Amino acid sequence: MKKTDDTFDLPQGTLDLLIMRVVALGPIHGYAMVQRIQQMSHETLQVQQGSLYPALHRLEYKKLLTSSWRQSETGRDAKYYELTAKGRAHLRTETENWKRLTDMVGLILKGTLEGIS
Amino acid sequence: MNWLQRLFPRRRMEIDLDKELRFHFESHVADKMLSGMSESEARRLARLEFGGIEQIKEDCRETWGTMWLESLVQDVRFGARLLVKNPGFTAVAVLTLALGICGNTAIFSVLNGVLLNPLPFPHPEQLVSVHESKPNFDQGAISYPNFLDWRWNNRSFSAMAVGRRWSFSMTGRGDAEQVSANFISSGYFAILGVRPLLGREFTQDEDQPGALPVAMIAEGLWRRKFDGAQGILGQTITLDGKSYSIIGVVPAALHLNIPGFREQDVYAPIPQWGNNILMERGAGLGFHGIARLRPGVTIAQARADMDRVTRNLSAVYPESDRGVGASLVPLKDQVVGNSRQFLLVLLAAVGFVLLIACVNVASLLMARSAARAREFAVRSALGASRRRVVRQLLSESLLLGMAGGALGLIPTIWGTQAALKSLPAAVPRAIEIGVDWRVLAFTLIISLAAGVLFGLAPAWKTSQPDANRALKEGGRGTSGAHSGVLRSFVVAEMAIALVLLTGAALMVRSLMKLWNVDPGFNPQNVLTFSISTPPTMAQASLDATRAIYRDMSARFASINEVEALSRTWGAVPMAEEDDQLFWIDGQPKPANNRDMGSVFDYIVDPDYLRVMQIPLLRGRFLTPQDDEHAPLVTVVDEVFARKYFPGQDPIGKRIHLVYNSGRTAEIVGIVAHVKQWGLDSDDNQSLRAGYYLPCTQASDDFLAGMRSGTGFVLRYKGLPQHILESLRTVNKQMSSEQVLFGEQTMDSIVSDTMATRRFAMILLGSFATLALLLACVGIYGVMAYLVSERTQELGIRMALGAKRSDVLLLVFTDGARLAAMGATIGTVGAIGLTRLMRQLLFNVSPTDPVVIAAVCMLLMMVALAACFVPARRAASVEPILALRTE
Chain A
2 MKKTDDTFDL PQGTLDLLIM RVVALGPIHG YAMVQRIQQM SHETLQVQQG
52 SLYPALHRLE YKKLLTSSWR QSETGRDAKY YELTAKGRAH LRTETENWKR
102 LTDMVGLILK GTLEGIS
Chain B
24 MNWLQRLFPR RRMEIDLDKE LRFHFESHVA DKMLSGMSES EARRLARLEF
74 GGIEQIKEDC RETWGTMWLE SLVQDVRFGA RLLVKNPGFT AVAVLTLALG
124 ICGNTAIFSV LNGVLLNPLP FPHPEQLVSV HESKPNFDQG AISYPNFLDW
174 RWNNRSFSAM AVGRRWSFSM TGRGDAEQVS ANFISSGYFA ILGVRPLLGR
224 EFTQDEDQPG ALPVAMIAEG LWRRKFDGAQ GILGQTITLD GKSYSIIGVV
274 PAALHLNIPG FREQDVYAPI PQWGNNILME RGAGLGFHGI ARLRPGVTIA
324 QARADMDRVT RNLSAVYPES DRGVGASLVP LKDQVVGNSR QFLLVLLAAV
374 GFVLLIACVN VASLLMARSA ARAREFAVRS ALGASRRRVV RQLLSESLLL
424 GMAGGALGLI PTIWGTQAAL KSLPAAVPRA IEIGVDWRVL AFTLIISLAA
474 GVLFGLAPAW KTSQPDANRA LKEGGRGTSG AHSGVLRSFV VAEMAIALVL
524 LTGAALMVRS LMKLWNVDPG FNPQNVLTFS ISTPPTMAQA SLDATRAIYR
574 DMSARFASIN EVEALSRTWG AVPMAEEDDQ LFWIDGQPKP ANNRDMGSVF
624 DYIVDPDYLR VMQIPLLRGR FLTPQDDEHA PLVTVVDEVF ARKYFPGQDP
674 IGKRIHLVYN SGRTAEIVGI VAHVKQWGLD SDDNQSLRAG YYLPCTQASD
724 DFLAGMRSGT GFVLRYKGLP QHILESLRTV NKQMSSEQVL FGEQTMDSIV
774 SDTMATRRFA MILLGSFATL ALLLACVGIY GVMAYLVSER TQELGIRMAL
824 GAKRSDVLLL VFTDGARLAA MGATIGTVGA IGLTRLMRQL LFNVSPTDPV
874 VIAAVCMLLM MVALAACFVP ARRAASVEPI LALRTE
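As they're listed, the protein sequences go chains A and B.
The numbering of the first sequence is our numbering, which starts it at 2 and goes up by one.
The numbering of the second sequence is our numbering, which starts it at 24 and goes up by one.
Take these hints with a grain of salt, some might be off.
[Said to hold, decoys possible] Residues from chain A that face chain B, not an exhaustive set, calculated with beta carbons under 10 Å:
id	residue
1	L46
2	Q50
3	G51
4	Y54
5	A79
6	W99
7	T103
Derived from the structure by calculation, the hints contain no laboratory data.
Just so you know, these numbers come straight off a predicted model, no measurement behind them.
Glycine residues also receive a C-beta, built at the ideal position from the N, C-alpha and C atoms.
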């Protein structure tokens with residue numbers, strides 16, 4: 002898969018968080034999630050479609066998500082995911098954790114790289 | 024979703040997964056086409072971006088949490104394929120396990136049937152068996168008047184009943200025959216919760232003296248003699264010349280065998296017995312009872328209640344009831360008796376056999392896994408986790424365990440009953456033993472446990488993640504890692520085998536000691552039997568009765584093979600008990616029965632001493648001159664003489680016989696003691712003294728009671744079958760209505776007293792043999808394996824100058840060291856464990872040094888013999904060849 006300089010692959014472990022954040026906005030199917038994430042990241046985040054579905058199934062198995070079959074906008078049956086109560090609580094604490102982590106990493110990486118290498 | 028999909032959620036998940044991914048893919052394609060691509064181009068690009076669908080599916084499945092099941096199926100399938108590919112290994116392993124599991128299942132099914140299963144009656148926990156406790160007897164017979172008072176006065180039982188075994192001569196329906204019977208009080212069956220198949224039980228009115236004779240008959244007799252006719256009720260049968268009308272049929276399969284009751288042909292109310300001393304409060308007469316506790320009443324409360332009742336009675340009737348109490352035993356304990364320890368010992372023993380079998384299979388697996396080390400190294404190099412490898416190896420051993428269990432179950436299902444039938448006296452409730460869900464569950468559990476047990480160590484060892492070394496060593500395997508474990512297996516096997524051998528040897532020694540106990544008489548070539556006289560004899564005068572018996576004895580005695588013959592009324596050594604009270608002439612009559620002398624009474628003819636070959640110590644025995652016209656004489660045994668006339672000469676002394684019309688008898692001789700209680704426990708009993716009275720001088724009351732029949736003992740030449748044939752012929756000649764029954768050789772009576780111990784010895788012996796055999800095979804296998812592993816080393820040693828004898832010695836020393844370690848550990852274990860079987864032993868200490876030393880020697884010898892072949896193979900190693908295999 003070719004990659005341009007202005008797109009990212011997701012760092013390990015952040016996919017679950019992104020998925021839950023997107024699902025929190027309302028019932029959504031997998032394909033729409035990919036598009037929504039790309040859209041929200043201004044087309045810079047590239048979700049590996051191959052890792053999306055295992056992640057969805059894992060979250061469902063952990064009872065953070067539930068799913069149901071509904072008709073999509075195109076009229077075909079699609080599997081829609083929703084947050085469970087447990088998923089919502091999980092999202093809240095994980096978002097907190099993420100923010101704290103990035104703040105701290107940001108604190109340490111403050112300043113320019115000049116003179117280091 | 025149809026029902027099938029609901030049944031198989033896995034299938035539904037697959038379909039959904041496919042649909043979900045397909046939706047994604049199609050949407051992607053559709054979007055691309057919207058932006059102007061051709062369909063084929065869109066599909067190609069989408070497929071590129073999406074990646075392999077099957078790969079994604081597999082990743083999703085990983086998360087479903089059902090993966091373990093699938094990999095289990097995979098492991099099992101793989102394991103099964105491997106086992107099929109190694110039929111030799113598989114057969115040996117499965118057979119070894121089947122042997123061990125079969126023994127365990129069999130013993131457990133016995134234990135289950137005897138100890139665990141409830142008695143086959145409603146609310147069996149409320150049932151108790153009732154006895155009279157009195158001096159000399161903890162569980163003695165209850166006198167009938169006492170029973171009547173107990174039943175009336177107690178507050179703990181909803182009902183109480185007593186019974187007594189009997190045997191009737193049934194006439195008037197074909198040949199006269201002897202039928203087994205129980206005299207029972209009304210309500211006996213109601214207490215058990217057994218409903219008559221037809222008709223009803225006795226009423227209280229029919230239980231009164233003077234009531235019309237009624238009887239219940241067993242289903243077996245009903246079918247055999249009456250063709251199962253529905254109109255049986257109201258018909259009559261003639262028992263001992265009296266006609267009883269049949270009021271009920273008792274269902275078959277009433278498996279109860281307790282004092283005073285067992286499944287019999289006929290049941291009759293007690294007053295029909297017509298015993299003159301039935302209402303004597305001091306006479307036991309063989310009655311034992313059962314009772315049902317009121318709901319909520321504990322046995323302790325019932326005991327306290329019965330204490331109150333019996334205390335009151337002994338205040339009212341001090342002469343007979345001083346020191347008399349009621350003894351209550353939960354019915355199940357009564358039925359099971361003392362078989363609990365015996366069965367637990369056997370289960371432990373057979374458990375040890377299984378343990379050895381497991382160790383054997385473990386060492387087989389170990390040796391094989393050494394050869395497979397490369398396979399596992401490759402696997403782990405390719406990314407298999409250690410857990411995954413262990414799991415695969417464990418699935419293989421679980422498969423082996425299950426196969427062994429299935430194979431081991433087959434002989435149990437058919438074999439246990441057959442084996443028990445050959446040893447009926449050994450365990451109670453034998454007929455109730457079978458294979459039920461508990462036995463099946465037990466088999467399943469031990470099969471799985473065995474699989475884990477013998478699979479774990481090899482799996483753990485094999486999966487050690489030293490792939491590098493394993494791969495580098497080529498096909499040679501990792502000998503060092505395995506030999507340590509294998510050696511400890513040998514030690515464990517030796518230790519376990521030693522414990523079992525010790526147990527078996529202790530039993531053998533106990534039985535040898537028992538066989539060497541002198542019973543006080545010579546049971547060889549002695550036959551006992553009973554005669555039931557024709558009904559016409561019930562009306563005979565006493566003189567006529569004496570004449571008839573004199574004639575009967577003379578006819579039997581005239582048979583060629585008969586050397587000597589005597590009637591026996593009263594006690595028969597080890598077979599029938601009868602005890603009497605007396606006091607010594609010249610001393611004041613004791614105020615109550617408890618203070619009377621108590622003695623076994625043998626009422627016999629003058630030839631009794633010749634039949635039984637009991638030594639006469641002093642004076643004379645009974646003679647034909649001691650007849651009804653002569654003064655009453657008695658002969659006492661040495662225990663009697665020592666106990667009641669210490670330091671005096673009893674000959675010429677006189678004693679008062681309490682239940683013999685108060686007559687006095689003169690002691691005319693002393694004979695040796697006979698072990699009435701059996702070979703093992705006689706010495707520990709308080710009632711041991713005995714006296715002999717002549718049949719010819721029996722009191723009129725007693726003689727009247729003996730008109731219906733008599734027992735005989737005789738000494739014969741030749742084979743017991745021949746003498747029995749002659750006896751039957753002579754009996755038939757006397758009267759077609761006279762029945763000969765209950766024939767038994769004295770030898771078999773004596774050996775029956777040892778049945779449980781013999782059963783234990785046979786089983787422990789075969790388990791120990793099996794254990795020894797398995798341990799031998801194990802040691803041989805391990806030593807052979809170790810030698811083959813060391814071929815190169817041995818070759819180098821010999822190339823450097825070691826002699827063949829040195830190599831031989833090396834292997835033997837190795838084997839001997841392992842065996843000695845096992846023997847040491849085993850001895851410690853045996854000393855700890857054999858204590859649990861103390862109850863089964865006789866005059867042997869559980870830690871008998873002779874036994875332990877002998878067993879250790881035997882084990883060492885067998886172990887060294889097992890090392891012989893591997894040692895020779897080692898000594899015959901050709902140095903050049905050994906080095907070339909490098």
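Consistency of the hints with the structure:
The beta carbon of A:L46 comes no nearer than 15 Å to any beta carbon in chain B, farther than 10 Å, and the hint placing it at the interface is violated. Because the closest C-beta pair between A:Q50 and chain B is about 5 Å apart, less than 10 Å, the hint holds. Interface hint at A:G51: satisfied, since its Cβ lies 4 Å from the closest Cβ of chain B, which is below the 10 Å cut-off. Proximity of A:Y54 to chain B holds as hinted, the smallest CB-CB distance being about 5 Å (cut-off 10 Å).
Residue-level restraint check for A:A79 holds (minimum Cβ-Cβ distance to chain B is 5 Å; threshold 10 Å). Among the interface hints, the one on A:W99 is violated; its C-beta lies about 22 Å from the nearest C-beta in chain B, farther than the 10 Å criterion. For A:T103, the suggested interface contact is broken, since its CB lies about 27 Å from the closest CB of chain B, more than 10 Å.
The structure fails to meet hints 1, 6, 7 from the earlier list, while all remaining hints are met.
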